[in-house]
Amino acid sequence: MRRRLLLSVVAAIWLGGCGTEPWVKPYERGWLADPLMSVSRDPLSDKYLQHVHDVREGARGATVAEGGGCGCN
Amino acid sequence: MRMQLRTLGRALWLALAGLFAAPARGVLLPEDRADLLYHYYNGGGTRVNGPALLVRKGFGERVSAYASYFIDDVSCASIDVVTTASPFKEKRKEYGGGVDYLYRNTTVGVSALRSDEPDYVNNTFGATVAHDVLDGLTTISLGYSESRADVGKARTDFADHANRYQYKLGVSQVVTKSLLMNLNYEATLDDGYLQSPYRSARLLGLSVPEVYPRTRDSYAVAFGLVKGLGANDGQLKASAHLRYRYFWDNWNIRAHTVELGYASRIDDRWLVEPRYRYYRQSAASFYADNFTTQMVFMARDRELSDFSNNALGVKASYQLFNQRFNLSRVTLNVDYEFIRYSYNNFTDVRTGQLYVYNANVLQLFLSGWF
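For the protein sequence lines, the chains are A and B, in the order given. Just so we're aligned, residue 17 is where the first sequence starts under the working numbering, counting upward by one. Just so we're aligned, residue 1236 is where the second sequence starts under the working numbering, counting upward by one.
For the record, the hints were derived by calculation from the structure and aren't laboratory data. Don't take each hint at face value.
[Said to hold, decoys possible] Under 7 Å between C-beta atoms, here's a sample of chain B residues computed to sit facing chain A:
{"#": "1", "residue": "H1274"}
{"#": "2", "residue": "V1461"}
{"#": "3", "residue": "A1475"}
{"#": "4", "residue": "L1477"}
{"#": "5", "residue": "R1480"}
{"#": "6", "residue": "E1538"}
[To be verified] No farther apart than 20 Å at their CA atoms in a straight line, the calculated lysine to aspartate or glutamate pairs in the EDC-like style are these:
{"#": "7", "chain 1": "B", "residue 1": "K1292", "chain 2": "B", "residue 2": "D1335"}
{"#": "8", "chain 1": "B", "residue 1": "K1328", "chain 2": "B", "residue 2": "D1351"}
{"#": "9", "chain 1": "B", "residue 1": "K1326", "chain 2": "B", "residue 2": "D1354"}
{"#": "10", "chain 1": "B", "residue 1": "K1326", "chain 2": "B", "residue 2": "D1351"}
{"#": "11", "chain 1": "B", "residue 1": "K1462", "chain 2": "A", "residue 2": "D50"}
{"#": "12", "chain 1": "B", "residue 1": "K1328", "chain 2": "B", "residue 2": "D1308"}
{"#": "13", "chain 1": "B", "residue 1": "K1388", "chain 2": "B", "residue 2": "D1308"}
{"#": "14", "chain 1": "B", "residue 1": "K1328", "chain 2": "B", "residue 2": "D1354"}
{"#": "15", "chain 1": "B", "residue 1": "K1326", "chain 2": "B", "residue 2": "D1370"}
{"#": "16", "chain 1": "B", "residue 1": "K1324", "chain 2": "B", "residue 2": "D1308"}
{"#": "17", "chain 1": "B", "residue 1": "K1388", "chain 2": "B", "residue 2": "D1536"}
{"#": "18", "chain 1": "B", "residue 1": "K1472", "chain 2": "A", "residue 2": "D50"}
{"#": "19", "chain 1": "B", "residue 1": "K1328", "chain 2": "B", "residue 2": "D1370"}
{"#": "20", "chain 1": "B", "residue 1": "K1328", "chain 2": "A", "residue 2": "D50"}
{"#": "21", "chain 1": "B", "residue 1": "K1328", "chain 2": "B", "residue 2": "D1385"}
{"#": "22", "chain 1": "B", "residue 1": "K1328", "chain 2": "A", "residue 2": "D70"}
{"#": "23", "chain 1": "B", "residue 1": "K1292", "chain 2": "B", "residue 2": "D1270"}
{"#": "24", "chain 1": "B", "residue 1": "K1412", "chain 2": "A", "residue 2": "E44"}
{"#": "25", "chain 1": "B", "residue 1": "K1472", "chain 2": "B", "residue 2": "D1503"}
{"#": "26", "chain 1": "B", "residue 1": "K1388", "chain 2": "B", "residue 2": "D1351"}
{"#": "27", "chain 1": "B", "residue 1": "K1326", "chain 2": "A", "residue 2": "E44"}
{"#": "28", "chain 1": "B", "residue 1": "K1324", "chain 2": "B", "residue 2": "D1354"}
{"#": "29", "chain 1": "B", "residue 1": "K1472", "chain 2": "B", "residue 2": "D1502"}
{"#": "30", "chain 1": "B", "residue 1": "K1292", "chain 2": "B", "residue 2": "E1266"}
{"#": "31", "chain 1": "B", "residue 1": "K1412", "chain 2": "B", "residue 2": "D1370"}
{"#": "32", "chain 1": "B", "residue 1": "K1388", "chain 2": "B", "residue 2": "D1335"}
{"#": "33", "chain 1": "B", "residue 1": "K1412", "chain 2": "A", "residue 2": "E37"}
{"#": "34", "chain 1": "B", "residue 1": "K1462", "chain 2": "A", "residue 2": "D70"}
{"#": "35", "chain 1": "B", "residue 1": "K1388", "chain 2": "B", "residue 2": "D1426"}
{"#": "36", "chain 1": "B", "residue 1": "K1324", "chain 2": "B", "residue 2": "D1351"}
{"#": "37", "chain 1": "B", "residue 1": "K1472", "chain 2": "A", "residue 2": "E44"}
{"#": "38", "chain 1": "A", "residue 1": "K41", "chain 2": "B", "residue 2": "D1536"}
{"#": "39", "chain 1": "B", "residue 1": "K1412", "chain 2": "A", "residue 2": "D50"}
Don't be surprised by glycine CBs; every beta carbon is placed ideally from N, CA and C.
Required output: the full structure, derived from the provided sequences and hints.
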């Protein structure tokens, strides 16, 4: 039941998208491509900083970067 | 909950597989880019530094691959180490790689990562799918990764393992021509040996072995905004970043993270970005600074205690040149962060006071686009 509901929601978003006029036109998207608008402008640097935080905090996940190892305390 | 997550994961993969038939739009692969970085961390008696490298290159119009290499040279005399063991030095090496494939308005990626320490070897494999809908205004992404770690203890024959399964769901939304919004959810399920073989708990002031549960289920939801500000000759002058994350797990830890940033283009060459980060968490249900009675699970890991930290950082990027030596541009970057950790229930046994320490985090890196 839950699976069917989820499939329906995703399908509805997709099919809905086909018929929707974009409210930001392709020629209006110059600023969105600017590096200043990037969520993670420097992936390697962001991944390192995330690692620094992750190994010293209890929380993890839903970040813009990923890391590995157990870290030193 | 674990079974529900696996069912949910399968259903979402199936749904996304169906989206491959959608009409072509303007999804792009990541830029061709190389980064060479030196990092330095110093705080709480621990010093970690080393180089890192990330190279990403496209092959044709549909494929982009990357390789990464990362070294941590660790010199550790942290409070845990100096109060219960001897300071040590070790090296962690991390090798990563991945390939992304673009098909119409969908990208599919696979990645692998290996992290190697003398007493901890971790292998991770991951897969992601990202799909554009609403004429490229909305991007839905799914990710799954699985890690297997072999845990050891130096100079002993202790051996155990730890597994991690991560499920990620993300939505990125163009709201206006200068406002982006994103929502991320991640479930992380762990099983196996989840503690450190070196650390001990305190029972009536005496050192006793720590015992953790062998499973942990954790969840995080994050909401972010990026707003472009001002324009000069059609180019943005600045952007403001805001991100909030709420975290919870079945060890009873609850955490809030708030991040604020302001990136400003000073001129054609300089980009400066000050930022602030606040983090606060509650303690795990089996954490105690000093147990008064023997419990089934006992921990005195300060990462599981009630604490907060404040971080102030700044990143400055300087464009060295553009359109030379077959490179479209090269930047030199410096990033510094100051972090203050304040523990509300973790005593520094050397002084009898609650533990507080400062950390300095420095990065120097060169980035080239080709």
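Tested hints:
no. : hint                 : verdict
1   : H1274                : holds, 5 Å
2   : V1461                : holds, 5 Å
3   : A1475                : violated, 10 Å
4   : L1477                : violated, 11 Å
5   : R1480                : holds, 6 Å
6   : E1538                : holds, 5 Å
7   : B/K1292 with B/D1335 : holds, 10 Å
8   : B/K1328 with B/D1351 : holds, 5 Å
9   : B/K1326 with B/D1354 : holds, 10 Å
10  : B/K1326 with B/D1351 : holds, 8 Å
11  : B/K1462 with A/D50   : holds, 11 Å
12  : B/K1328 with B/D1308 : holds, 9 Å
13  : B/K1388 with B/D1308 : holds, 18 Å
14  : B/K1328 with B/D1354 : holds, 12 Å
15  : B/K1326 with B/D1370 : violated, 47 Å
16  : B/K1324 with B/D1308 : holds, 8 Å
17  : B/K1388 with B/D1536 : holds, 17 Å
18  : B/K1472 with A/D50   : holds, 10 Å
19  : B/K1328 with B/D1370 : violated, 42 Å
20  : B/K1328 with A/D50   : violated, 34 Å
21  : B/K1328 with B/D1385 : holds, 15 Å
22  : B/K1328 with A/D70   : holds, 17 Å
23  : B/K1292 with B/D1270 : holds, 12 Å
24  : B/K1412 with A/E44   : holds, 6 Å
25  : B/K1472 with B/D1503 : holds, 10 Å
26  : B/K1388 with B/D1351 : holds, 14 Å
27  : B/K1326 with A/E44   : violated, 49 Å
28  : B/K1324 with B/D1354 : holds, 12 Å
29  : B/K1472 with B/D1502 : holds, 9 Å
30  : B/K1292 with B/E1266 : holds, 8 Å
31  : B/K1412 with B/D1370 : holds, 14 Å
32  : B/K1388 with B/D1335 : violated, 37 Å
33  : B/K1412 with A/E37   : holds, 15 Å
34  : B/K1462 with A/D70   : violated, 26 Å
35  : B/K1388 with B/D1426 : holds, 18 Å
36  : B/K1324 with B/D1351 : holds, 14 Å
37  : B/K1472 with A/E44   : holds, 17 Å
38  : A/K41 with B/D1536   : violated, 52 Å
39  : B/K1412 with A/D50   : holds, 11 Å
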